[in-house]
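A.B. asks: Turn these sequences into a full structure, and let the hints guide you.
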Amino acid sequence: MEIGQELPPVTFRVTRRDLIRYAGASGDFNPIHWSDRVATKVGLPSVIAHGMYTMALVGRAVTGWVGDPAAVVDYSVRFTKPVVVPDDDAGAEVVVSGVVKSSTEDGLVQINVTAVSAGEKVLGMARALVRLPEVPGQRGVVQVGTVSGAAAADA
Amino acid sequence: MPLDPSFIGRSYPPTAPYQVGREKIREFADAIGAPEAAYRDVEAARALGHPDVIAPPTFPVIISMAAGDQITNDPALGLDYSRVVHGDQRFRYTRPVRAGDQLVCVIAVEEITQRGGHDFITTRSEITTEDGEHVVSVWAKLVVRGEGH
Numbered sequence: 001m002e003i004g005q006e007l008p009p010v011t012f013r014v015t016r017r018d019l020i021r022y023a024g025a026s027g028d029f030n031p032i033h034w035s036d037r038v039a040t041k042v043g044l045p046s047v048i049a050h051g052m053y054t055m056a057l058v059g060r061a062v063t064g065w066v067g068d069p070a071a072v073v074d075y076s077v078r079f080t081k082p083v084v085v086p087d088d089d090a091g092a093e094v095v096v097s098g099v100v101k102s103s104t105e106d107g108l109v110q111i112n113v114t115a116v117s118a119g120e121k122v123l124g125m126a127r128a129l130v131r132l133p134e135v136p137g138q139r140g141v142v143q144v145g146t147v148s149g150a151a152a153a154d155a
Numbered sequence: 001m002p003l004d005p006s007f008i009g010r011s012y013p014p015t016a017p018y019q020v021g022r023e024k025i026r027e028f029a030d031a032i033g034a035p036e037a038a039y040r041d042v043e044a045a046r047a048l049g050h051p052d053v054i055a056p057p058t059f060p061v062i063i064s065m066a067a068g069d070q071i072t073n074d075p076a077l078g079l080d081y082s083r084v085v086h087g088d089q090r091f092r093y094t095r096p097v098r099a100g101d102q103l104v105c106v107i108a109v110e111e112i113t114q115r116g117g118h119d120f121i122t123t124r125s126e127i128t129t130e131d132g133e134h135v136v137s138v139w140a141k142l143v144v145r146g147e148g149h
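If you read the sequences in order, they're chains W and P.
To convert, note that position 124 of the first sequence is 124 in this note's numbering; the numbers rise steadily by one, no gaps.
To convert, note that position 78 of the second sequence is 78 in this note's numbering; the numbers rise steadily by one, no gaps.
Wrong hints could be hidden among the right ones.
Here are the computed lysine-lysine pairs in the BS3-like style, where the Cα-Cα straight-line distance is at most 25 Å [what the hints assert, rightly or not]: (1) W/Lys121 <-> P/Lys141; (2) W/Lys81 <-> W/Lys41; (3) P/Lys141 <-> W/Lys41.
Pulled from the structure, derived: some chain P residues nowhere near chain W, Cβ distances all over 10 Å [stated by the list, open to error]: (4) Pro5; (5) Pro14; (6) Gly21; (7) Gln70; (8) Leu77; (9) Gly100; (10) Gln102; (11) Leu103; (12) Ala108; (13) Thr113; (14) Arg115; (15) Glu130; (16) Asp131; (17) Gly146; (18) Glu147.
Covered by chain W, per the in silico footprint, the following chain P stretches (three or more residues, Cβ under 8 Å) [claimed, not checked]: (19) 25–34; (20) 47–57; (21) 60–67; (22) 85–94.
Hints were generated in silico from the structure; no laboratory data involved.
Cβ coordinates follow ideal geometry from the N, Cα and C atoms, glycine included.
C.D. replies: Printed below as a string of structure tokens:
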């Protein structure tokens with residue numbers, strides 16, 4: 001990963017079934033995520049995805065880009081628009097893209113993420129600070145494109 | 001009625017230990033469609049240097065949200081949950097959550113503000129092992145939409 005690098009967009013499809021499954025797994029049974037009656041009563045167009053479900057999808061994209069499920073050190077999002085999930089087989093589409101913004105002294109890399117559904121950004125200030133995995137055969141080398149003398153000697 | 005700012009800094013009692021189970025991690029990973037073997041296969045996780053299967057990054061919301069019930073159900077605070085919208089969320093990790101962890105959560109009110117007729121309340125959850133090893137800090141900002149919004 002290099003600063004400025006654009007990470008390949010990942011497209012997720014979200015159906016009502018996914019939301020119900022996520023409700024069960026997470027314990028978040030807020031009815032705005034499964035009941036049109038309740039969702040429209042509180043002013044939403046229809047059932048919307050759990051913000052935490054969208055955040056989990058973005059987390060999948062991030063760990064996929066980095067190639068390590070334990071990479072995430074700090075991960076934050078702002079929920080700016082709901083992901084509206086219609087009651088049909090197609091559901092909603094969420095497209096997640098990212099750009100590498102910066103790296104820190106201790107070898108962490110910041111990825112800024114954009115998530116778009118129905119043409120609107122559904123997250124703001126979505127950022128993941130990640131630790132890049134060690135390169136096989138180069139244990140101790142975690143920094144992008146740099147090999148310290150000590151680490152090189154260990155390899 | 002605005003949320004009482006005197007709740008800022010209030011900390012709630014530690015939750016009963018949450019035992020992180022392999023099958024719960026698998027269920028959560030399946031629910032978010034995460035394909036990584038380290039969420040399901042102990043050997044795959046060990047090959048990456050973990051003692052047991054690890055959980056996806058947003059898994060701790062199960063624990064922090066349950067702890068948050070102490071705040072949202074606190075009659076003294078009087079938060080109308082039917083008007084609550086999730087604003088922000090953040091996780092800061094010391095290490096991944098893994099199967100076998102016995103996690104205790106202490107949740108506190110970090111901030112309460114008002115803007116544009118809405119209330120904003122930020123909670124901070126410190127999730128540690130029973131032995132006090134820090135695992136992850138979790139922040140959630142909730143928006144309580146004002147009447148007529």
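A.B. asks: Each hint should be assessed against the structure and marked as holding or not.
C.D. replies: Each hint, compared with the structure:
1. Between the alpha carbons of W/Lys121 and P/Lys141 the distance comes to roughly 19 Å, so the proposed pair stays at or under 25 Å and holds.
2. Straight-line distance between C-alpha atoms of W/Lys81 and W/Lys41 comes to about 18 Å, which keeps the hinted pair within the 25 Å bound.
3. Distance hint between P/Lys141 and W/Lys41 is fulfilled; the C-alpha atoms sit about 23 Å from each other, no more than 25 Å.
4. Against the 10 Å criterion, P/Pro5 stays outside the reach of chain W, whose nearest CB is about 22 Å from its own CB.
5. P/Pro14, annotated as away from the interface, keeps every beta carbon of chain W farther than 10 Å; the closest lies near 19 Å.
6. For P/Gly21, the condition that its CB be more than 10 Å from all CB atoms of chain W holds, with the nearest at approximately 12 Å.
7. No Cβ of chain W comes within 10 Å of the Cβ of P/Gln70; the nearest lies about 15 Å off, and the non-interface call holds.
8. Against the 10 Å criterion, P/Leu77 stays outside the reach of chain W, whose nearest CB is about 19 Å from its own CB.
9. At the 10 Å boundary, the C-beta of P/Gly100 stays outside the reach of chain W, the nearest C-beta of that chain being 15 Å off.
10. Once the 10 Å rule is applied to beta carbons, P/Gln102 is consistent with being away from chain W; the minimum gap is 18 Å.
11. Separation of P/Leu103 from chain W is adequate, the least Cβ-Cβ distance of about 15 Å exceeding the 10 Å criterion.
12. With a minimum CB-CB distance of about 18 Å to chain W, P/Ala108 clears the 10 Å threshold, and the non-interface call stands.
13. With 10 Å as the threshold on Cβ separation, the claim that P/Thr113 sits away from chain W holds: the shortest Cβ distance comes to roughly 15 Å.
14. At roughly 14 Å, the least C-beta separation between P/Arg115 and chain W is larger than 10 Å, which holds for a residue marked as non-interface.
15. Taking the minimum C-beta to C-beta distance to chain W, about 21 Å, the non-interface status of P/Glu130 holds against the 10 Å cut.
16. At roughly 21 Å from the closest C-beta of chain W, the C-beta of P/Asp131 stays outside 10 Å, upholding its exclusion from the interface.
17. Non-interface status of P/Gly146 relative to chain W is upheld: no Cβ of that chain comes within 10 Å, the nearest being about 13 Å off.
18. Distance check for P/Glu147 against chain W: the nearest CB is about 12 Å away, which clears 10 Å, and the non-interface claim stands.
19. Under the rule that three or more residues need a Cβ within less than 8 Å of chain W, the assignment of the stretch 25–34 of chain P holds, with 7 such residues.
20. Evaluation of the coverage hint for the stretch 47–57 of chain P: fulfilled, as 5 residues show C-beta separations to chain W shorter than 8 Å, against a requirement of three.
21. Note: the stretch 60–67 of chain P has 4 residues with beta-carbon separation from chain W under 8 Å; the three-residue rule is met and the coverage holds.
22. Chain W is given as covering the stretch 85–94 of chain P, and this holds because 9 residues of the stretch bring a CB closer than 8 Å to a CB of that chain, at least three being needed.
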